[in-house]
Each structure stands twice: as structure tokens, then as C-alpha cells.
Amino acid sequence: MARVYVKEQVCIGCRLCEVYCQLSHSGHKELVKAFRGPNIPVPRLRVEVDKHVSFSVRCQNCEDAPCVHACITGALSRNSESGQVICEEERCVGCWTCTLVCPYGAIRQNQAEKRMAKCDLCPEEEIPACVANCPNEALIFAADEEQVVPEP
Amino acid sequence: MEKVKYLVIGNSAAAIGALEAIREVDKEGSILILSDEPYHVYSRPLISEHLAYHRPLEKMLYRDTGYYQRNNINKRLGVSVTGIDPVAKTATLDGEGTLKWEKLLLATGGAPILPPLKGMEKEGVFTFTRLDDAKSIDDYLDSNTVTSAVVVGGGLIGVSVTEALVKREVPVTVVEMKDRLLNTILDGDSSAVVESTLRRAGVSLETGRTVVSINKDRAAPGKAGSITLDDGRRLFCQLVILAIGVKPRIELVEGAGIEVDRGICVDRHMQTSVKDIYAAGDAAQAYDCIYCQNRVVPIWPNAYSGGRVAGLNMAGVKSQYDNATVMNSLKYFGLAMTSIGIVAPAEEGYEVICWHDSHFYRKIVLKDGQVVGMVFTGDVEYSGVIFSLMKDKVDVSPFKEKLVSPDFNLACLPEDIRREKLSRISL
Ligand SMILES: Cc1cc2nc3c(=O)[nH]c(=O)nc-3n(C[C@H](O)[C@H](O)[C@H](O)COP(=O)(O)OP(=O)(O)OC[C@H]3O[C@@H](n4cnc5c(N)ncnc54)[C@H](O)[C@@H]3O)c2cc1C
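Going down the list, the sequences are from chains E and Z. The numbering of the first sequence is my numbering, which starts it at 1 and goes up by one. The numbering of the second sequence is my numbering, which starts it at 1001 and goes up by one.
Derived pair list, reagent style SDA-like, types lysine to any residue, alpha-carbon separation capped at 25 angstroms:
1) Z/LYS1027 x E/GLN84
2) E/LYS114 x Z/ARG1063
3) Z/LYS1118 x Z/THR1210
4) Z/LYS1331 x E/TYR104
5) E/LYS51 x Z/PHE1399
6) Z/LYS1421 x E/ASP64
7) E/LYS114 x Z/LEU1131
8) Z/LYS1402 x E/GLU18
9) Z/LYS1391 x E/SER77
Computed footprint of chain Z on chain E, listed as stretches where at least three residues anywhere in the stretch have a Cβ under 8 angstroms from a Cβ of chain Z:
10) 1 to 15
11) 54 to 65
12) 85 to 97
13) 103 to 113
Here chain Z is said to cover these stretches of chain E; the calculated rule only asks that three of the stretch's residues, wherever they fall, bring their Cβ under 8 angstroms from a Cβ of chain Z:
14) 38 to 50
15) 72 to 81
Everything labelled a hint here was simulated from the structure, so no lab data went into it. Every value quoted in this text rests on a predicted model; they were computed, and no experiment measured them. For every residue, glycine included, the Cβ atom is placed at its ideal position computed from N, Cα and C.
Chain E extracted, bound-state conformation (with noise of 0.2 angstroms):
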């Protein structure tokens, strides 16, 4: 399973990754057009601050998650071959009962559109943007979780 990580001890709460993770799903290759006009991406991260503490948390994959059973729709599923919980956005209403169960408050809230917004991990991209736009090295990407020893 593919993992972003985080290095609490170097995040300086600069908000870089939501702003690449906004840009990366935009459409745009250029920040200035992805943030100009009115369907600006919601980021699908969100970094969490408080005085000198900082780090960004973004969707874990949880294994058995719970949003997948809390799901009304059923918009929200497992991917049998990523391991990844996905969202098919059209099908999802906005009710936010995920909302009510995820442990890491790490289901955005598409406002315009009225539909949940939840990392990706960038598809389209061999490293998320939010890891490959950090400047300090506070994110890192496994694409298998297995090659990351965390330290002691």
C-alpha cells in the first residue's frame, strides 16, 4: 500500500502541500490559472498547526475504514489492487457521514460542488504533489509501505 509520511519534527507549516495538492487537482499546470477563477480545488490535505507543533494529515487508507461502512451511498469503496478507499465523486451526496467517523478529520468538504474531496495520492503523478513540492523534506511517499522503517 502507497503511503505519504510525515516528519513532524521538520514541517514548518508553510501550507505548500495543500497549495500543490490544490494545483494538481486543477487541471492547470500553472498555479497562477489554478487559483484564478471560481472553481478553485478544495485541498485534499490539510495541515494542522498549533504554535510551534505542525504536520499535514491527509486520508490513511485505514484498513476496515470506517468511512467505506459508513458510506450512505456507497460512493465510497476499497480498490481491490491499489488498497486505496476511493471515492466515486458522482455518487456522492455530500452528507458527510464520513465525516462522522474518520479519526483523522481527513474528509475535505468540496463546498461548490457539494461532494467529499479526499486524497488520491495523484494518480497521474509518480510522487504526490504534496510530497514532491515540500521544501523541507516533512513529507515522504512509499509506494509500499514496507520500504519505510520509521525511526526510533
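Put chain Z with the ligand on the given structure of chain E with help from the hints.
Okay, now just chain Z with the ligand, sitting in the frame of chain E:
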């Protein structure tokens, strides 16, 4: 006699939860699913979107049309089960004989509670729990001049149908016996927010009132033309929706020697008092981890997860249902609101912490330092984080004020809790 390994009665959230769990463990064992509704499995809450916007059935399906076949599940839809015999392990189908099962799941859901009202049999009087109800109301709106409607009951279903009717441009009055709407899932303050949202949408509210009769239309005596309230007032309406609640469908177990209280009693494995017979969903009375007792909690996510636990146990994998409580996410007329657990404690011994501004508010209810309930309105994105603290029975006393702050986020949690929570992704 026809034989199946697993018989599942009901074709909705609890049933699908069970089927998916069974198939994770047992790929071969024969499964038969039965329901008296003729449709492929659909999302029941979406019947209000069907009424509001004619959302087609294809866009209401909870699983795709190839689902049963792909999972090697036999189905018979539009067929009622008329009786079960727990000793002989059989079930009798309406007009289709008797079959034998090894493991049985009762995922029969709930049925609308009907108040004993004079005039209930009139045309133009409906309940609202099934797709067919939404279709019938839709047909009635199309073939009659409906200038106003009365919804009896201001609970989840009543408010859902009210919103759908408003979207169809039908003026609605909601009559609620208690002094506030959604009184079983919200506290007083959040009910007031919903009430003002509904009023702004043009809905009239009659709280603390009941309907005593449904009266005929002078021009068409077989049809409803008005209702009379308990204070004697008469409200003209051509459409009446009865939505005072649902009750577990227990008719199959009555007299079958299976323990029943308000719903079908189940243990932590979702097994009834009779071995090999399980129940889940709106029909069951299952454990609530916040109230610490068995309760009927008629909500979709709990139906699925209860069904899942039942399915695992039916297929031989021990599993417990011990993480669920009542929870609701509402978004009537665009207003987001979440509530979980005990939101309006009736007894002493609870502590309530609130934050509010002129529009929104956040509230948590504590007992012995642990969160046992919450209500968020407006920004609800962190509701699940609070729920996880509830389920983990974390002592939040040192940081309880932060939980209701509008700036609350995961970084506000004490380091040990935060580390534990993020242990899988922290380097
Ligand atoms: C308008 C509306 C809005 C709702 N909104 C929400 C919401 O926003 N969030 C939420 O969490 N929940 C919501 N709910 C509640 C949710 O739909 C239920 O909790 C859920 O459907 C329960 O699933 P279940 O599997 O227990 O049973 P059900 O969905 O009730 O299905 C049971 C099935 O079994 C069939 N059956 C019963 N007895 C027999 C028999 N003897 N023979 C054959 N078939 C039988 C029934 O006909 C039915 O098809 C809403 C409900 C309604 C009506």
C-alpha cells in the same frame, strides 16, 4: 427442500454488510438474499432526493448491478418471508414454498409507526420510508393540485421529506408533538438552529401539537383536504405525510421463541437468543458503546457495521460489535450539523462545554473526564476526531476546552495522544 448455507432477509445496509463480510471469509458457501422490495439494493436515505429532484433509481444504487452475480449471491426480490422456524431451521416464503438454512440473518429493518388517526385511510396520506413511497407521493403531486402539505412528525424522516417537498415548491407545515424538532438526536440549541433554517425556507412549524384527525376534501370526499390540530385549529392541506417514527420489524420472530424487547435482542456478536440466528440494522437492539446498553439505533452506518459483525460471526470468524453509538450528520437546506452520543443529558453528573458565535456552535458533553456526546454545526470536519476520542475513552479533562474551540485541530491534542493517533504515518 431447497437448502442454503446463509439466508439473509432484507436487502439493504445490514444485509450488504453481512454479505460482504461473509464473502471475505467464505467464497463458496451458498447465500440467498430475500426482500419484499423489488429493487436492486438502493440507498434508502436517497428517497428524499428521488422525491425532490427525480433522482433516478440508477443513481440511488448502493452497489452496482453486477454486484450479486460477481459475488456469487442468489437473490429473490419482491418476495416476502412469512415465517421462520428456528428449530427446523426453515423459512417460508410467500407463495414460493419453504427452504432450509444453516445460518440466518434478520435484516428486516423498520416499519413506519402509524398513529391511530381518524381519516388515515384517505387518499393523499402517505408514509415515507421506501422508494415506492417517494414514487407514490410524486405521482400524487403530479395528478393533484397540492397547494400545501402537512408532515406529521419532526424527526429525521419528517424533516427529510419536508426538505424534498419544499424543493418541489409545496408549502409545508410540520407538526411535532414535542416542543422541538429532531428532539431525539439534537440538543435544544441545535434544534433551534434547524428550526430557524426551516422557517427561513418557508416551512411553518407547529411544535407541541398533535394532529387529531385528517378530514375529507369537500370536493373529493375520498381525499384528504385538511387536518385538525389538538387545539382545534384546522390546516388546509391536500397531502399528509405520517413520519412519527419507525419501529423494528419483528413480526417474523414474534412467537418464534427469539428474545425481543423494543427490537430483536442481540449479543455483542449480533446473535439473537437463538443460536445461528442473527439480527442487525434497524430491526435489532444492539450494544451502544456510549450508553453502555443495548438500544435500537436506526441509522445506516450502524446497520452496515452491525451486519458486518453478524456476517463475520456467521462465517465462523469471531467479531464483536462494540464501537457504535447513535450519530447523525444532517445538512438540511445546506446547513451542516453533526451529533454523536449523548447530546442532551437528562440526569446529573454530566459536564457541558460550549463555544458559539452568532451563527454556529460546538458542544461536547463529558462524563468522568470522557467525551460522551457532541454537537457541531457549520464546520463539522473534525467530528470524527472527537468521536475517536469518545470510542477510545480518552480522559480529555486537561484539554477539554480546546475541543470546542473553532481553531481545534489535531495539533492541539497532547503529544502522547497525537503520537499514538499518527503512529502509522509519523517518521
Ligand atoms: C427518508 C429517510 C432518510 C434517512 N436518512 C438517513 C441518513 O441521512 N443517515 C442515516 O444514517 N440513516 C438515514 N436513514 C435511516 C436508514 O435508511 C436506515 O437506518 C437503514 O436503511 C437501515 O437499514 P437496514 O438494513 O436495517 O433495513 P432497511 O433499510 O429498513 O431494509 C430492510 C429490508 O427488509 C425488507 N423486509 C423486512 N421484512 C421482510 C420480510 N419478512 N420478507 C422480505 N423482506 C422483508 C424490507 O422491506 C426492506 O427492504 C433514513 C431513512 C429514511 C427513511
